[in-house]
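Asker: In case you want the letters, here they are:
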Amino acid sequence: MASHGISVEVNGKTEYLTVPSNMTLLEMLRDRLALTGAKNGCSAGECGACTILLDEEPVNSCMMLALEAHGHSITTVEGLAREDGRLSPLQEAFAKHNAVQCGFCTPGMLLSAQALLNRNPDPNDAEIREALVGNLCRCTGYVRIVEAIGAASRDRGEKDDPTDA
Amino acid sequence: MTQLTPDPVGQSVPRVDVYDKVTGAANYVDDLQFGPGLLFGRLVRSPHAHALIKRVDTARAAVRGVKAVVTGEDTPTRIGLYLKDRYIFALDRVRYVGDTVAGVIATSERVAEEAARLVEVEYEELPAVFDPEDAIQPDAPLIHPDLGDYEVVNFIFPEPGTNISEHFKLRKGDPDSAWAHCEAIVEGTFRLPQIQHVPLEPHSAVALWEQSGQVTLWTCSQSPFAQRDLIAQSLGIPHGNLRVVSPYVGGGFGGKAGVSMEACAVAMARAVKGRPVKLRMTREEEFIGTTVRQSLVAHTRIGCDAEGNLLAMETGYHFGGGASNEYGVNIARAAGYSCTGPYDIPNVKGDSYCVYTNMPIGSAMRGFGMPEIHWGIEQIMDQLAEKIGMDAAEFRRRNCVRTGDTILTGMTMPSIDLPACIDRVTEAIDWDQRAQPSAPHKRRGKGISIMWKAPAMPPNPGSSAVLRFNEDATVNVEIGAQELGQGAFTVAAQMAAQALGVPYEWVRVSSPIDTKYSPYEWQTVASRITWSMGNAVKAAAEDARAQILAVVAEHWDEDPSDLDIKNGTAVSYSSERDISLQKMVVYGLPNEGFEGWKGGPIVGRGRFMPTYVTNLDPETGQGARAVVHYTVGAQAVDLEVDTETGEVSILKVASAYDVGKAINPDLVMTQIEGGAVHGASSAFEGLKFDAEGRPLNANLVDYHIMTAVDAPREIHGDIVETPLEDGPWGARGVGEHVMVPTAPAIANALNDALGIRFNDLPLSAESIYLKLREDQR
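Which chain is which? The protein sequence lines are A and B, in order. Adding 3 to a residue's 1-based position in the first sequence gives its number in this note's numbering. Adding 160 to a residue's 1-based position in the second sequence gives its number in this note's numbering.
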């Protein structure tokens, strides 16, 4: 199997890796970088548990080859909290609203939600639900997840706290 | 500064696991790191529903990178929870499409997968049977000809020489003569397909068999201890040499109860001693190769008098248990001893069968037989009410079980308040108001359903707990109950803090669950953990508290009964002295002038096991105490149907459950919400097979579970609290229950909207549309 040298910015740090042609981006994150937050739920792009951000866009990392990420920037769930461990407003809202049960879908949910808030700071419930259609959850019934995302967007709108930047 | 929460029981404190779960730090089995020595396994599965294995040739699979191939000859002993009827790898015979025939171990998952295709298996096909009613016919192919030789617990009754693995009989009163007194009688046949749990985390296991004979299994399991017991028995491992470690579980719903593919991983590790072997299920394997909910064919007939009093019921439940019924036999039993649903019916004849079929293995799933039987019962109750001209909610208030009733098995009903649940949901759904549809081609409808469910278990499932202190008086709670997302760890921490008298924030729950270090817990199933583990945690905390107070009392020369622990400080009500626990829970307290010491590290021990459950008469199902208790509840649904497309929009679900005491009210609400959507989704789910038993929709596109867009928008939850006699602070479980009445409430609402009954699941826009067209012709 041919290998390729790639450089990828992962959670703000540039990584140089040699990856085989058939390695998925999810395998690269989990097996090479030990970033196990993105989960393998179906290997087919159907469940959304492996969702990461590729240059701000949510993608199923199981459906992308690692070498396609060359030159791009990636955010995983491990990159959401601040350096000192404080949670991001979205993570804080998920915690506060009990939007988490088993937690397996949570990393993907958070990244799809973050992508939504990045492009639409004030989504309504229908827009939130639409943005989560590719992220399955079997535990929560989605109620608290939708609530949490709505609350995070409202908090951000009201606060605009410069220390949060 | 962290705010401290004294007396957390009854408060909606934050989950203990939430930080790890929103940062990606929470580890699941597939996240654990095993280094470069890790090997990977793939399973060879049967392409036939029923066949004899004539020959297995593994020679061609010995390609570069393959370390070993394991077949049925390596695992000749059976395994099972209630009935030992399953081979870890098929021996001589395969019983469903997907049955495990061999396991290939290689240096990578890809090599293992390629080599698995090279294992040659010669089969001699046998006639197969898929429907439980066909399978009980005298000429049906026998799926387990050796059933009579299988080891079975003494409360399960297989019928060797047939495909019946369990027959539970319930006989109460005299239904034959009661029918004549009925003003209304309704009967129906109801069919439910196999459905799958669809946890977001597929099953994954890593096993290591060391040369010394020590075996470790890392597993995503609701049942680390049951896995230790069953795998140890089957593979001849001394229990003390088998260590099962289970980190966070990415959703269970019963699918990770008992043993499924984990035993394969252990058997495969034995072939490559000294190296860990990882076996993880693809999504397709998760659908057909782990376990599924059993199918059911129910024939039910119920009658009432002109005043709406239920008089008689006759029912036959035929559960399609699939190729192995080692766990599923107890589902049929549970459906048998609860066969009436939550109703007081004086004359009952019930027969509940678990039947082998050449289908995926049926096993535990959220509700454990209750969603299946309530589907028919609750539709018949609506029809009876309609026939005698009574409101459906009123009909249920009149007939539902109440505290102190002698229920169908002869046991006395522990405390519950079902009428209160009915009142709450009818109020929340505006039961008496008729709402207008949003368009002329749409119809609105409301439906109600009530439910009961008891934990279905052996009579003596135990729980235990240990409390140990750190020097700063923070407490480690050690339990064997698993965190599946339901909040078990949080509830354990709340109970320990409450019973001990320390703030919630001082409590840590020791995880992962590890059978080598964690105290025993039967299984995290049956909605039994808050109740059973809770009692053990409370006992352990009370034990620790008594030890602390004894030391302090001696130190102060006071009576322990004058002392208390409040918010982490031991206080005296007589002398008004106080002392921080930080000073004494590990190092003890010095005598005056340091003339010696007293006390020492405090270790609290607690256990709980119900000791009062009795076996039932095999001919009548009668006995003093069939089960520990029941949780009851009610569900109402408001929906709209598009008559041009058959599409259903569930606008609102109202739920009320009697949980005895909500230890963490917000976590109860999240169970109510999640259960309502799971239940609603299940009404539209069904595994499909072709005529040869091959699965047709074993993926997440063709087997659709509700997304954020499909799910009901509004879920109103209500908590009723009628304390349970032996529950910790009165608590009983609620994890499964909301799953039970949701589908029948939808069916009753559909009938309200369209005047059409749907006896068979799954529902779909297509089936509703076709039924509407049929009706117009």
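These aren't lab readings, by the way, just hints derived from the structure by calculation. Predicted, not measured: the structure shown is a model, and the values here were computed from it. Check before you lean on any hint, since a few could be wrong.
[What the hints assert, rightly or not] Computed spacing ranges between beta-carbons, pair by pair:
| id | chain 1 | residue 1 | chain 2 | residue 2 | range |
| --- | --- | --- | --- | --- | --- |
| 1 | B | E285 | A | S6 | 40 to 50 Å |
| 2 | B | S372 | A | P124 | 28 to 38 Å |
| 3 | B | L164 | A | P124 | 46 to 56 Å |
| 4 | A | R157 | B | D565 | 47 to 57 Å |
| 5 | B | E285 | A | E12 | 32 to 42 Å |
| 6 | A | S6 | B | L164 | 52 to 62 Å |
| 7 | B | S721 | A | G15 | 57 to 67 Å |
[Said to hold, decoys possible] Selected chain B positions facing chain A (in silico; Cβ < 10 Å):
| id | residue |
| --- | --- |
| 8 | D177 |
| 9 | L192 |
| 10 | D590 |
| 11 | Q593 |
| 12 | R594 |
| 13 | Q646 |
Ideal Cβ positions, reconstructed from N, Cα and C, are used throughout, including at glycine.
Asker: Now, for every hint given, state plainly whether the structure supports it.
Answerer: Against the structure, the hints come out as follows:
{"no.": "1", "hint": "E285/B x S6/A: 40 to 50 Å", "result": "45 Å, holds"}
{"no.": "2", "hint": "S372/B x P124/A: 28 to 38 Å", "result": "59 Å, violated"}
{"no.": "3", "hint": "L164/B x P124/A: 46 to 56 Å", "result": "36 Å, violated"}
{"no.": "4", "hint": "R157/A x D565/B: 47 to 57 Å", "result": "49 Å, holds"}
{"no.": "5", "hint": "E285/B x E12/A: 32 to 42 Å", "result": "56 Å, violated"}
{"no.": "6", "hint": "S6/A x L164/B: 52 to 62 Å", "result": "55 Å, holds"}
{"no.": "7", "hint": "S721/B x G15/A: 57 to 67 Å", "result": "60 Å, holds"}
{"no.": "8", "hint": "D177", "result": "7 Å, holds"}
{"no.": "9", "hint": "L192", "result": "9 Å, holds"}
{"no.": "10", "hint": "D590", "result": "20 Å, violated"}
{"no.": "11", "hint": "Q593", "result": "24 Å, violated"}
{"no.": "12", "hint": "R594", "result": "26 Å, violated"}
{"no.": "13", "hint": "Q646", "result": "7 Å, holds"}
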